[in-house]
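Asker: Residue numbers (our numbering), protein chains in the order written: chain Y, 1 to 614; chain Z, 1001 to 1426.
One thing to keep in mind: the hints can contain errors.
Straight-line distance between alpha carbons at most 30 Å, and here's what the computed DSS-like set of lysine-lysine pairs gives [claimed, not checked]:
no.: 1; chain 1: Y; residue 1: 442; chain 2: Z; residue 2: 1044
no.: 2; chain 1: Y; residue 1: 301; chain 2: Y; residue 2: 388
no.: 3; chain 1: Z; residue 1: 1050; chain 2: Y; residue 2: 113
no.: 4; chain 1: Y; residue 1: 442; chain 2: Z; residue 2: 1007
no.: 5; chain 1: Y; residue 1: 242; chain 2: Y; residue 2: 10
no.: 6; chain 1: Y; residue 1: 123; chain 2: Z; residue 2: 1056
no.: 7; chain 1: Z; residue 1: 1003; chain 2: Z; residue 2: 1059
no.: 8; chain 1: Z; residue 1: 1044; chain 2: Y; residue 2: 108
If you are wondering where the hints come from, they were derived from the structure by calculation, not from laboratory data.
Computed from a predicted model, the values in this text were never measured in an experiment.
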Amino acid sequence: MVKTMTEYTKLGLRCGLEIHQQLEGRKLFAPTPCALRDDAPHGTVTRTLRAVAGETGEVDVAAAAEMRKQRTFIYEYYRDTTSLVELDEAPPIAMSAEALRTTLQFAKMVDAKPADHIQVMRKTVIDGSNTSGFQRTSLVARNGLLKTPHGDIRIPSICIEEDAARIIKQDGSSVTYRLDRLGIPLIEITTGPDLKDPDQVTDVAERIGMLLRSTGNVKRGLGTIRQDLNVSIKGGERIEIKGAQDLKMLSTLVANEVQRQQGLLALAQELMGMKPLAPHICNVTAIVKDVQSPIIQRVLKNNGVVLGVKIPHATGILGLELQPGKRYGSELADYARVFAGVAGIIHSDEDLSKYGLKEKTVDLLNELKCGEKDAFVLVAAPQAQAHKALEAVVERHNLAPKGVLKEVRKANDDGTTSFLRPIPGAARMYPETDVSPIPVTKELWNGITLPERIDERAERYVRLGLGKDLADFAARSEAYATFDAFVKRFDALKPAYIAEVFFTSARSIKRQFNIEIAPTVDDFGALFEALQTGRITKELIIDILKERKPVADVLAGHIMLSDDELASAIDEVIKINAGKPFNVVMGAAMAKLRGKASGQKISELLKKKMQSKA
Amino acid sequence: MAKPGDKVSVTTESETLTGILMPSDDKSVVLKLDSGYNIGLNAKRVKSMKVLEAHKQEKETPGEHTHIPGLPLITILHTGGTIASKVDYETGGVVARFSPQELLAQFPELRSIANIESRLVRNMFSEDMRFAHHNILAKEIVKEAEKGSRGIIITHGTDTLHYTAAALAFMVRPLPIPVILVGAQRSSDRGSSDAALNLVAAARFIVKSDFAGVGVCMHETMSDESCVILDATHCRKMHSTRRDAFRPVNVGPWARVRGEHIDMLRADHPKRSLEQAHATLLDEKLSIGILYSHPNMHADELKQYDGYDGVVVIGTGLGHLPINEIDETTKEHAKILASLKSLIKKGTVVVTSPQPIFGTVNLDVYATGRKMQEVGVLGNGTHMSPEVAFMKLAWLLSNHRSHVSEHWDQDLVGELRRSEPDQHIW
Chain Y
1 MVKTMTEYTK
11 LGLRCGLEIH
21 QQLEGRKLFA
31 PTPCALRDDA
41 PHGTVTRTLR
51 AVAGETGEVD
61 VAAAAEMRKQ
71 RTFIYEYYRD
81 TTSLVELDEA
91 PPIAMSAEAL
101 RTTLQFAKMV
111 DAKPADHIQV
121 MRKTVIDGSN
131 TSGFQRTSLV
141 ARNGLLKTPH
151 GDIRIPSICI
161 EEDAARIIKQ
171 DGSSVTYRLD
181 RLGIPLIEIT
191 TGPDLKDPDQ
201 VTDVAERIGM
211 LLRSTGNVKR
221 GLGTIRQDLN
231 VSIKGGERIE
241 IKGAQDLKML
251 STLVANEVQR
261 QQGLLALAQE
271 LMGMKPLAPH
281 ICNVTAIVKD
291 VQSPIIQRVL
301 KNNGVVLGVK
311 IPHATGILGL
321 ELQPGKRYGS
331 ELADYARVFA
341 GVAGIIHSDE
351 DLSKYGLKEK
361 TVDLLNELKC
371 GEKDAFVLVA
381 APQAQAHKAL
391 EAVVERHNLA
401 PKGVLKEVRK
411 ANDDGTTSFL
421 RPIPGAARMY
431 PETDVSPIPV
441 TKELWNGITL
451 PERIDERAER
461 YVRLGLGKDL
471 ADFAARSEAY
481 ATFDAFVKRF
491 DALKPAYIAE
501 VFFTSARSIK
511 RQFNIEIAPT
521 VDDFGALFEA
531 LQTGRITKEL
541 IIDILKERKP
551 VADVLAGHIM
561 LSDDELASAI
571 DEVIKINAGK
581 PFNVVMGAAM
591 AKLRGKASGQ
601 KISELLKKKM
611 QSKA
Chain Z
1001 MAKPGDKVSV
1011 TTESETLTGI
1021 LMPSDDKSVV
1031 LKLDSGYNIG
1041 LNAKRVKSMK
1051 VLEAHKQEKE
1061 TPGEHTHIPG
1071 LPLITILHTG
1081 GTIASKVDYE
1091 TGGVVARFSP
1101 QELLAQFPEL
1111 RSIANIESRL
1121 VRNMFSEDMR
1131 FAHHNILAKE
1141 IVKEAEKGSR
1151 GIIITHGTDT
1161 LHYTAAALAF
1171 MVRPLPIPVI
1181 LVGAQRSSDR
1191 GSSDAALNLV
1201 AAARFIVKSD
1211 FAGVGVCMHE
1221 TMSDESCVIL
1231 DATHCRKMHS
1241 TRRDAFRPVN
1251 VGPWARVRGE
1261 HIDMLRADHP
1271 KRSLEQAHAT
1281 LLDEKLSIGI
1291 LYSHPNMHAD
1301 ELKQYDGYDG
1311 VVVIGTGLGH
1321 LPINEIDETT
1331 KEHAKILASL
1341 KSLIKKGTVV
1351 VTSPQPIFGT
1361 VNLDVYATGR
1371 KMQEVGVLGN
1381 GTHMSPEVAF
1391 MKLAWLLSNH
1401 RSHVSEHWDQ
1411 DLVGELRRSE
1421 PDQHIW
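Chain Y extracted, bound-state conformation (with noise of 0.2 Å):
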């Protein structure tokens, strides 16, 4: 259901930005390069975290028992692009001069106000995705404002960190994690919770990261950006929706998360004043164990049990469509994932013939005692996982009343959101005091140039004669310095035609020929060379190029025709064709000649000869 603006206005929603551009260059803290590897890594090194004692100086309980499960964490490294740094096994080195720079290029680019003084960070993260336990964070600038047609968006703060190692694979009580992101310089953008509509969204993620580009020193590639979002409407809570990679999807996200929270609103309404519930879990095991659903047996093979529990009055409710596709059994089902590491659940308002259960449903009623308007929830796993699964549904059902609950959510790729985890606490930081803090000093602010912004030299190039499309196509591509050169030193040629050769032509020869080729920057100088000397015509460059070899060695083995030369060699072919048609006589002076002078001279000097002959 599409809304209006002012429907969404209505409705309160407040939404936000937070954009993780990952830097060129080398890591933020170590002299090795921003390299992502798929080939075997050369070695791993095995460790564990602790739990770091807090203001107290107790580890709490629940780190304690969780320190006893001892989760090991493998970590690879490449020989030649990982570092001691990276492997928590050396201090961290001066921060990337070139990252900073870039960062500090955004700020000013959005009149952010940079840190006199820049403080390095410790975020202290035990999950195993930074070596050290902690992630190198700092601030960098403060209150900018980005200007849109719909109105100003806040830029409150302007962050430079480390990326995260990459998960790899997960087994058992052992985490495997691969060291080549860690380290990669990430700007982290945050906006106010300017943003008033799903649209907004979108242009706005698009207009910060055309920004990014602009710098030139961002990486370019799926999961070179990630984009949160944080939403929340009148009455609702802030949800924060974590790793939307892809722009289009931002505000399809927006508008799913506004519907389900006022899907979760209007539940708590209905289901205000209930009386939290007690979960009663049976073992229906004996009624289902010879159901043909693969689900089921599977589990019972391996000596699992199904377990069911009674959710009172709940009949239409957990099918209660909350997202595109979702319910809020998916709710309920997500709670059960994550706290119980189950694949799913089964709740009485879905088709149970999917599961062979259609004709089981009374039984499974009886068993679990409910009557007309209760719904049950079952789960299919071993003993403990399920209970601890069935329990974790009764939390979130009891939740229900609070209408919408603080999380942290998933962005998936159909558009829709699930949970992943509640809303963590404040930030544990403390200052990183391997790392000096940073003055931003008055010559180093002054000395930050604006780039180019990629939306303004597009627009030059429309102004030099290039189509809308090409001159984005052109602007947007990283060898734009080079185009700008070309037009600099080729000034006989039009500007357009030179973007037309330098951009198009690979494409079109692939096109018409199948032929791949990849001319050198070189190749296209010397190509521009001849065609500003006149030394070969625009007819010819398709055939050069064609070749595949250095265009230099293929105009060396290239003459023109000088006048007198190309009379002749036209008289010849008037000779060879005496009495032919023009057209028939012009093709052959073409097919020997092509290239040797212009066509256009050829056919005029033809024309010449053959009227005085005739």
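Following the hints, complete the assembly by docking chain Z onto the known chain Y.
Answerer: Chain Z alone, transformed into the frame defined by chain Y:
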């Protein structure tokens, strides 16, 4: 006057910021903002600062500390190399923690291994250690052994940990209980600190084995899988930063501790006894220098040590100094030999040790060595790392001043134990 920890409001020419005041210097005012980030403002830009809320110093309740009957007692003596610390997120400070309650809170595994007593001897960088500090430690060890401690763990900065280990091995004899030195290459405020495994492994080793003597317990590899108990006179810090920086020299480690498993690796380890511990101390007024041989050396470099009690030469190869005059440009070498002779004649005891660290000193093979012996340089036939040689010389000069040469090639505490022929250097 605002103090660190106070909630303040700071006004500059362009804005007013609130936050918690952090320790600042005269160049910048550091605030912790609500987001948790610290930010530094140029002190010159601060027009005014107002205290909004003074910092309430939380009274720390030390918490229960009772011993569990049936568990042995381990004493932890802290000299530095903070193995346990607490982060105060409010002030951003990292504070070292020493009390048994705090240690048990940070390392709960210890609860099932031993009862802990702990004492703060010093909290110092180990590069600042002097013979006086070694003496304090030696006396503390004797005191704790007398009290019936099952074993002692000494926390120590890693820079000179191997010096102290050697010193204590020479000084405390007999030593009827284990004394294990433990350090941390990664600060203990972080979840990845190697302190935990090193400390717990040392405690397990003390409780489960019958070893007595001085040992060093550090990571065996870059992984958190096992620690080694290194021989105090056969180990050295061989990497500036890695967890497994401490490596055996010439002789392998006493044991490996992997989880709850102890593997004794050598058949001849010294065993617990009922003897009384005894310490012979170092003379704190001793002057002992270390001279690193190198190309292009000058005789003046030896003159620095005129009047010194002792000099440890770190000689190239088999223990050599450049003392051969072979051409026009090596006339200096004759002067070096002359300075050496004069230094020794005037009473400075000069010993040589190998610059390669590993391997034996042999002054018989080449003329260089033979000339060094002729002028009285000691060390032929020994194989001690330069740091162990330094400590042995210190101990001998302190306690057997007139008989150093007789005692130099005597094996006092296993420092001259026969080398393993196939040891990996790294």
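Asker: All hints, please: hold or fail.
Answerer: Verification of the hints:
no., hint, result
1, Y:442 x Z:1044, "holds, 14 Å"
2, Y:301 x Y:388, "holds, 20 Å"
3, Z:1050 x Y:113, "holds, 23 Å"
4, Y:442 x Z:1007, "holds, 29 Å"
5, Y:242 x Y:10, "holds, 26 Å"
6, Y:123 x Z:1056, "holds, 24 Å"
7, Z:1003 x Z:1059, "holds, 18 Å"
8, Z:1044 x Y:108, "holds, 23 Å"
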